[in-house]
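J.: Listed below are the residues making up each chain.
Protein chains: 2
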Amino acid sequence: MTKPLKVVGIGNAMVDILSHIEDGFLTEHGIEKGIMTLIDRERAAVLYSHIGPSMEISGGSAANTIAGLASLGVATAYVGKVKDDQLGEIFAHDLRAQGAVYETPLAPADHAAETGRCTVMVSPDHERTMNTYLGVSEFLTAEDVDTDQMANTDWIYLEGYRFDGPDSVAAFAKAIDACKAAGGKVSVTLSDPFCVERHRDAFRELIRDHVDLLFCNEHEMRAMYETEDLSIALRIAAAEVETVACTVGADGAYIWQDGTEYHALATDVDIVDVTGAGDLFASGYLFGVITGRDPLTCGQMGCVAAGEIISHIGARPEADLSELFKQHNLL
Amino acid sequence: MTKPLKVVGIGNAMVDILSHIEDGFLTEHGIEKGIMTLIDRERAAVLYSHIGPSMEISGGSAANTIAGLASLGVATAYVGKVKDDQLGEIFAHDLRAQGAVYETPLAPADHAAETGRCTVMVSPDHERTMNTYLGVSEFLTAEDVDTDQMANTDWIYLEGYRFDGPDSVAAFAKAIDACKAAGGKVSVTLSDPFCVERHRDAFRELIRDHVDLLFCNEHEMRAMYETEDLSIALRIAAAEVETVACTVGADGAYIWQDGTEYHALATDVDIVDVTGAGDLFASGYLFGVITGRDPLTCGQMGCVAAGEIISHIGARPEADLSELFKQHNLL
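If you read the protein sequences in the order shown, they are chains R and A.
Counting in this note's numbering, the first sequence runs from 1375 upward without gaps.
Counting in this note's numbering, the second sequence runs from 1375 upward without gaps.
Bear in mind the hints are in silico, worked out from the structure with no lab data behind them.
Just to be clear, a hint being listed does not mean it is correct.
[Unchecked claim] Cβ-Cβ distance ranges computed for the label pairs, FRET-style:
#	chain 1	residue 1	chain 2	residue 2	range
1	A	ASP1603	R	ASP1642	46 to 54 Å
2	A	GLU1692	R	GLU1616	38 to 46 Å
3	A	ASP1625	R	HIS1424	37 to 45 Å
[As the list claims (entries may be wrong)] One-sided and incomplete, this derived list gives chain R residues near chain A with beta-carbon spacing under 10 Å:
#	residue
4	PRO1378
5	ALA1441
6	THR1478
7	LEU1480
8	GLU1692
All C-beta atoms, glycine included, are put in the ideal place defined by N, C-alpha and C.
Input sequences plus hints: build the corresponding full structure.
T.: In structure tokens form, the structure reads like this:
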């Protein structure tokens, strides 16, 4: 029986505040380059007062992945919490306008926290550094997970970042149980090397016991298995999970499946902003999976989608991804 | 005596919601292409529910002009009303982060209206159509005008759009009186042909009695003087005001000053979104004026700044305008 949904993503719902920074800005403000750091509302306000003119684009890692899939016409849904405020309205609009189902109850207008926002600082070398105020996205609980929805999807896609909230681990468990019980599959992204450091044991258990498809980049993979040798880390992961899809920046991605390694090449694009590269890789890869492609084609679709997102500012697709797949002879 | 400020702009403070639309969208929703139409909060909500994924960038015509000048290191201030809400915070941040003084009192959080927003719909031919919910920007009154600030600037820059609020006409009068009494000069933009239609007599009186520098485009100029012949309209305007700077799209701009016509050529750029072309033309032109350039050089600076803004989405400059002026041998 065909299920009504193909992929349901769960993660931190937020709006990105995108700004270009000079090289000295990060050291001046004590910010570590290239990673995601959690900050509180006060720190977010101080940081905002120091960054230059910005633009706001809906973000959130898993939400970006779902938006990418929705833009390809895939039946998707998203679970993540925003508040009944202007940024929450923007987030919900952009996801629904892309065609995804989004029904997570809003945090009420009198909630002490606001809709989450991610200050994305793009350096002259196009690297992105993220300081995230989680806001109400942190308050996602098992109650926000609709078991019927989880049973009605082929795949769920869990964002590692959401491990930063204890209640959300319960939400993940509920989603996994409902999805698996109905014959669905589970994909996870490790999200960030420091997120992996914070929750290595929980990730490890999740991967071994429940995950069918693991997304990560090389830094997260090394952090996960505590080795500098990527090939060792990949082999350990490949022994624990059916498929591992690990992006390696300009080198594209390595896919491990059934004991075989595949290497998908990155596309040749002028990089503007790497924000969302991993998220859109996952969109492309999952599109390949649900349309029955082989692992290498899935990886190439991931690379093409990632290439689109890094060619402009913001982590939501602007070009027609299916058109790009056709141009790369993938469709 | 040198004044601390060079240009103070007064206008509708708002955040732009930018979206790409297909060709049929405007006719389907009964929206007239290429112009600015005022809409109420309800209509804005309905429209928002129909447009695709968007991005938010601070806008407001005069605010864009001031942001452009501030990015060039010019001492500027802006007067326009936002609310104590998230979009208001974004607007204020982006202007101040660009270096402009912005001290207009916020409308309180319990005000019935919200911070103004402009739904900017960009068509495949790069034309932009704007539907504007004025929100609290409509409630700018004479009380919001600080006469000391108006006396302390070489120029004020008035946005024609703001004629759509009766209280703001009084605010304009107060600003003009304080500025002129202290030896300052007055520039105005006609903003939009339909805005001109709505307020032709008030504009005419303002131009004849107070304006030193008039900005407009060809459509506004024709509407202002009710003739299809641009050269006739320009000659009438030139007889009433010291300088007329009229943009003519891909043909650049015509400048009339002291009975002489100058023709500044448009720069050769790949057009992405024409939003803000007129606003940034005014930035460039005013930069020329306050740095003592001749009318043709002022016009060319206007064209270069306009060329920058139409080469990307959004009406706030992304590239370094002074660097572009150097590349065009204007600095």
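J.: State for each hint whether it applies.
T.: Here is how each hint holds up against the structure:
| no. | hint | in the structure |
| --- | --- | --- |
| 1 | A:ASP1603 <-> R:ASP1642: 46 to 54 Å | holds, 52 Å |
| 2 | A:GLU1692 <-> R:GLU1616: 38 to 46 Å | holds, 44 Å |
| 3 | A:ASP1625 <-> R:HIS1424: 37 to 45 Å | holds, 42 Å |
| 4 | PRO1378 | violated, 22 Å |
| 5 | ALA1441 | holds, 7 Å |
| 6 | THR1478 | violated, 18 Å |
| 7 | LEU1480 | violated, 14 Å |
| 8 | GLU1692 | holds, 8 Å |
Hint compliance for this structure: hints 4, 6, 7 are broken, all remaining hints hold.
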